[in-house]
Amino acid sequence: MSAERRQPQASGAQRMPADSVTWALRRVGGHTLDSIERLGFAARFSVAVLMHLPGAFRRLQLTLREIYFSGVLSLVIILVSGLFVGMVLALQGYEVLTRYGANESLGILVALSLVRELGPVVAGLLFASRAGSAVTAEIGLMKTTEQLSAMEMMAVDPLARVVAPRFVGGVVSMPLLAALFSTLGVFGAYLVGVKLIGIDSGAFWGNMRAAVDFGHDILNGFIKSVVFGIAVSAIAVFEGYNARPTAEGVSTATTRTVVASSLSILALDFVLTVFMFRGVGVGA
Amino acid sequence: MNRSTLDLWVGIFVTIGVAAILFLALKVGNLTSVSSAPGYHLDAAFDNIGGLKLRAPVKAAGVVVGRVERIKLDPQTYQAIVSMKIDRGYQFTKDTIASILTSGLLGEVYIGLDSGGDTQMLADGARIAKTQSAIVLEKLIGQFMFDKAAAGNGAAPGASNGPAAASAGSGTGTAVTAGGGK
Amino acid sequence: MSVVEPAAVLPTCPTEIAVRMTGVWFGYDRRRPVLRGIDMAIPRGKLVAIMGGSGCGKTTILRLIGGQLRQQSGTITVAGQDVMALDREALFALRRRIGMLFQFGALFTDMSVFENIAFPMREHTELQEELIRDLVLMKLNAVGLRGAAQLRPAELSGGMSRRVALARAIALDPMLVMYDEPFAGLDPISLGIVGQLVRKLNDALGITSVVVTHDIYESLKIVDYIYFVAEGRIVAQGTPDEVRQSKDSFVRQFVDGEPDGPVPFHYPARAVTEEFA
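Chains as they are written, first to last, in this note's numbering: chain A, 1 to 284; chain B, 1 to 182; chain C, 1 to 277.
Isolated chain A, as found in the complex (with noise of 0.2 angstroms):
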């Protein structure tokens, strides 16, 4: 059951009426109240939704299917995306390296950029766009043309058969991706730096190799990805599953899949640096 309160209308437009301070915070009142609810709602539905995940094991070929059309389908903005970050990185790196004589660390600049924020960040932002937004309206075009509701009459749970398998899917897409953009960044970075500009190869990959570490950096960067996965996955669901059945209604929900998906993605990012980056300098 949809969870709107609407106030009663009078007719004709809302007016403002004489004391619009409580009316602003009734307003904001309203508005937190919702989304508190909603939030919990939305908790309510991830914990459902993951009781649901052996059930997408056992259909290994929807989640495969899933897999495909979540990770195989975003390859394309992925790879050219990291291509390009990682050209520009060292290209705006190497301006400013070279004026204190650093330029051989083009590779460590670059690959501990890629690997430890842009990588997951930018790949997580690109997925959500574009994998997140497709899931939440193909289901919430299943639930507008009653599609769900069918499934649900024929005794079929849709949670176990709609939408577990997508958010295993945005799960295991999530991480490669972002992998993928890491190394294709550091490949562009390659092109740029070695090839075009002239550092040396050698320099490039050694440094960079004694710099990056795999515990500290590359570990955490995929732990990040992997959390920005399941972030950007649950939303997508739960917005498709809860959108109003009607056009706008998967309009709204899409939009509200990439905006909720992208300020996850920033705000757990900034939760998940200091966690894993805090011990760099002496132990503060």
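Source of the hints: derived by calculation from the structure; they are not laboratory data. Model, not experiment: these values are computed from the prediction. Here a beta-carbon is modelled for each residue, glycine too, at the ideal position from N, C-alpha and C. Not one of these hints is a red herring.
Partial list, computed: chain B residues near chain A (C-beta under 8 angstroms):
1. L6
2. V10
3. I16
Residues of chain C clear of chain A, computed beta-carbon distances all greater than 12 angstroms:
4. T12
5. R20
6. A41
7. D82
8. A149
9. E155
10. G185
11. R199
12. A236
13. F250
14. P264
Please arrange chains B and C on chain A, whose structure you already have, making use of the hints.
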């Protein structure tokens, strides 16, 4: 989209994804070296660690053999106690010297280990006895100026002007060597 | 040729009355009930229509019977079982014995026609693929679309997708089939086909059928009994003959298609003199 094509594409996707992760781990990162290898711990006490940070490398003969894991201040001796994790493959003698060094002029700070000739090796958790603290630039300059001043005042208090004074004279001499000066 | 019966399915309803509703009150919003005390008894093997104006709660009744919604008060029993009292397992078991045809079909758009009908079989039975293939084609044959098995829902016309949905509804040989506006938006030929199919399947398979519709003409041709719902209550009921001869003003307005009567023409508004003063 029939099944086999779908499986093929998903397979390709997962393969290149995992390959990317491996590439990052091996070619970009340093998975093949120390970090996650099993190791043992050694402690060392320094008067001053300078710019040594956590996770700084520990090198012997220039080769990375471990990482700095923890830095604490001993409240009794007011010395810095540095805990290092050393790769299990490397053993060091009991009379090893641990020094804090800088790679290059403005490079990163690391701990260098010089083995001695002792027959016994350091065990897990052992404390390295001989250490050499970091060279702090301010102290170095202060030392230099103090040496200069001491050399200027050089011999007996009476000999205010002398060859020693003259040789140390270069510019700063007057204030120091002028008898009864200031 | 003996066909293996899917274990979860019983061929006919065990009780005399397939669906019984007593004193059912329901509202999506507690303050405004959509159904105010519905009493209904649908005997086994009969084809019953529930009719009324748009938005009067007809579809809600179907959802209540299927357990998708829970009534605020009153009881609903299907084949003797109280729907609200069932736990998830039992509810799902019950639903396997109920087929439902949704408005406009609600076919799964990412599958072919064949796969749509095979869906409940694959989900709920352990039948082998060859057997499923035969069963699916038999169902499609019953609705006259055996040749369309490989088409996609997007390629079907309205009438065809309605028939495919019908075939899907009877895929597991249910004891009760519910139809939500099966005649809505169809051309006269498709209308006739669907109406005939509903009647024939009801008799041939021994199922009980509940049809929610506002197509009076088609209903009078095929059903055994009609309930009229208005303002959340049952205002009239009877066999098609009784309905045709009824003197009840609501029934007359509905059957004759009168613009004004018990269901008023004007939406509640201010008096004309006030509005145009």
